[in-house]
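Q: Sequence:
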Amino acid sequence: MGSKRLEGKKILVTGGTGQVARPVAEALAEHNEVWCLGRFGTPGVEDELRARGITTFRWDMDDLGEEAYRDLPTDFTHVVHSAVRRGEDGDFNAAVEVNSVACGRLMTHCRTAEAFLFVSTGALYKRRTLDHKYTETDPVDGVADWLPAYPVGKIAAEGTVRAFAQVLGLPTTIARLNIAYGPGGYGGVPMLYFKRMLAGEPIPVPVEGQNWCSLLYTDDLVAQVPRLWEAAATPATLVNWGGDESVGITDCVRYLEELTGIEAKLVPSEVTRETYQFDPTLRRELTGPCTVGWREGIRRTLQALYPEHLKG
1 MGSKRLEGKK ILVTGGTGQV ARPVAEALAE HNEVWCLGRF GTPGVEDELR ARGITTFRWD
61 MDDLGEEAYR DLPTDFTHVV HSAVRRGEDG DFNAAVEVNS VACGRLMTHC RTAEAFLFVS
121 TGALYKRRTL DHKYTETDPV DGVADWLPAY PVGKIAAEGT VRAFAQVLGL PTTIARLNIA
181 YGPGGYGGVP MLYFKRMLAG EPIPVPVEGQ NWCSLLYTDD LVAQVPRLWE AAATPATLVN
241 WGGDESVGIT DCVRYLEELT GIEAKLVPSE VTRETYQFDP TLRRELTGPC TVGWREGIRR
301 TLQALYPEHL KG
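Under UniProt numbering, think of the first position of the sequence shown as 1, with each following residue one higher.
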């Protein structure tokens with residue numbers, strides 16, 4: 001099952017300046033009409049998107065009224081909703097309301113689309129053992145000590161997306177994302193750890209064992225989006241969206257040491273940035289296998305963002 005190329009479609013992307021959606025938007029813009037919604041707070045980013053042929057539309061998901069969508073076309077064929085209020089301020093009610101209402105508004109506005117893709121998170125799963133491989137039927141509880149409001153807002157948004165998919169008859173996929181990384185943006189979580197290594201800062205790791213994840217390289221993420229749209233249905237299709245390989249975060253950091261010669265200060269801690277590894281069975285059925293292994297992906301990302309630190 002190779003990658004599926006979309007052509008001649010009208011695509012709406014939220015969160016289009018971020019690590020996940022921006023490379024998707026830029027890739028799709030080569031053969032489609034792509035609109036990116038956002039605040040575009042980073043200087044120059046709106047011009048960069050426009051230079052790639054993307055139409056930008058000023059939008060703040062915190063604006064819960066209909067007027068935020070008034071001048072936005074309704075004839076989009078495909079939507080990927082990646083924008084999120086993460087809840088760094090600790091306001092659970094705001095995270096629930098903003099994320100839910102934004103989903104409802106977008107889905108209603110784009111109710112004639114062929115497919116709607118909502119980017120959720122694996123952080124909402126009820127924590128099992130560190131090496132448990134989560135499937136789509138595992139229980140959720142929305143507990144994440146490192147950012148408590150984030151998974152709660154995602155659970156609320158998933159409920160909204162499920163409801164509107166059926167009420168509107170809008171074919172939908174809910175993709176619970178693992179860790180996306182690659183040369184774009186800040187590089188993803190592995191590069192956050194590398195920045196800590198460069199600064200000599202401690203990296204919290206579990207007291208026993210290690211956190212596991214399913215890293216998803218940018219090239220694979222971009223290639224899989226059309227397949228996830230193709231899988232959209234009512235009721236909504238639910239799938240864990242991660243890479244094929246299980247990756248230990250400690251192993252990942254040790255590999256960064258190997259590639260750069262820079263020491264990582266691993267500190268056992270009761271609270272770490274918890275990650276989750278996925279059983280990739282269903283996602284592989286929908287999208288086909290990934291093409292970039294995690295070690296090669298890490299090396300490519302370092303080469304793009306920190307070439308001066310790469311040995312050899």
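Don't take each hint at face value.
[Said to hold, decoys possible] Dumping the calculated SDA-like pairs for lysine to any residue here, alpha-carbon to alpha-carbon at most 20 Å: (1) Lys-10 - Glu-88; (2) Lys-126 - Gly-142; (3) Lys-9 - Ser-246; (4) Lys-10 - Pro-171; (5) Lys-9 - Ala-233; (6) Lys-10 - Asp-63; (7) Lys-311 - Glu-285; (8) Lys-195 - Lys-126; (9) Lys-10 - Gly-41; (10) Lys-311 - Ala-233; (11) Lys-126 - Arg-254; (12) Lys-133 - Leu-177; (13) Lys-265 - Arg-227; (14) Lys-126 - Arg-111; (15) Lys-195 - Thr-250; (16) Lys-195 - Arg-111; (17) Lys-10 - Pro-43; (18) Lys-133 - Glu-257; (19) Lys-195 - Glu-308; (20) Lys-311 - Glu-257; (21) Lys-311 - Ile-262; (22) Lys-195 - Arg-254; (23) Lys-10 - Arg-111; (24) Lys-9 - Glu-230; (25) Lys-133 - Ala-144.
Calculated directly from the structure, the hints in this document are not laboratory data.
Q: Each of the hints needs a verdict: does it hold here or not?
A: Outcome of the hint check:
1. Of the pairs offered as hints, the one joining Lys-10 and Glu-88 is violated, with about 33 Å between alpha carbons and a cut-off of 20 Å exceeded.
2. With a C-alpha separation of about 7 Å, the suggested pairing of Lys-126 with Gly-142 holds against the 20 Å cut-off.
3. A hinted pair counts as satisfied when its Cα atoms are at most 20 Å apart, and Lys-9 with Ser-246 does not qualify at roughly 35 Å.
4. Between Lys-10 and Pro-171 the alpha-carbon distance is near 16 Å, which keeps this suggested pair within the 20 Å criterion.
5. Between Lys-9 and Ala-233, the direct Cα distance comes to roughly 19 Å. Compliance with the 20 Å bound is thereby established for this hinted pair.
6. For the given pair, Lys-10 sits about 24 Å from Asp-63 by alpha-carbon distance, which is inconsistent with the 20 Å threshold.
7. For the given pair, Lys-311 sits about 38 Å from Glu-285 by alpha-carbon distance, which is inconsistent with the 20 Å threshold.
8. Distance check on the hinted pair: Lys-195 and Lys-126 sit about 29 Å apart at the alpha-carbon level, beyond 20 Å; violated.
9. Between Lys-10 and Gly-41 the CA atoms are separated by roughly 24 Å; this puts the pair beyond 20 Å, and the hint is violated.
10. A threshold of 20 Å between alpha carbons decides the hint, and for Lys-311 with Ala-233 the separation of about 47 Å lies outside it, so the pair is violated.
11. Using a Cα cut-off of 20 Å, the hinted pair Lys-126 and Arg-254 is violated, with the two alpha carbons roughly 28 Å apart.
12. Between Lys-133 and Leu-177 the CA atoms are separated by roughly 14 Å; this keeps the pair inside 20 Å, and the hint holds.
13. For the proposed pair Lys-265 and Arg-227, the alpha carbon gap of about 40 Å is over 20 Å, so the pair is violated.
14. For a cut-off of 20 Å, the pair hint linking Lys-126 to Arg-111 is broken: about 32 Å separates their Cα positions.
15. A threshold of 20 Å between alpha carbons decides the hint, and for Lys-195 with Thr-250 the separation of about 15 Å falls inside it, so the pair holds.
16. Taking the CA atoms of Lys-195 and Arg-111, the gap is near 42 Å; set against the 20 Å cutoff, the hint is violated.
17. Our distance criterion of 20 Å between C-alpha atoms is broken by Lys-10 and Pro-43, whose separation comes to about 26 Å.
18. Proposed proximity of Lys-133 and Glu-257 is contradicted: the alpha carbons are some 26 Å apart, above 20 Å.
19. A distance of roughly 13 Å separates the Cα atoms of Lys-195 and Glu-308; the hinted pair therefore holds under the 20 Å criterion.
20. Among the hinted pairs, Lys-311 with Glu-257 is consistent with the structure: their alpha-carbon atoms are about 10 Å apart, no more than 20 Å.
21. Of the pairs offered as hints, the one joining Lys-311 and Ile-262 holds, with about 10 Å between alpha carbons and a cut-off of 20 Å not exceeded.
22. Distance check on the hinted pair: Lys-195 and Arg-254 sit about 14 Å apart at the alpha-carbon level, within 20 Å; holds.
23. Taken as a hint, the Lys-10 and Arg-111 pair is honoured in the structure, with Cα atoms around 14 Å apart against an allowance of 20 Å.
24. Under the criterion of a C-alpha separation no larger than 20 Å, the hint pairing Lys-9 with Glu-230 is consistent with the structure, at around 13 Å.
25. At most 20 Å may separate the alpha-carbon atoms for a hinted pair to count; Lys-133 and Ala-144 meet this at roughly 17 Å.
In the structure shown, a violation is registered for the earlier hints numbered 1, 3, 6, 7, 8, 9, 10, 11, 13, 14, 16, 17 and 18, in ascending order.
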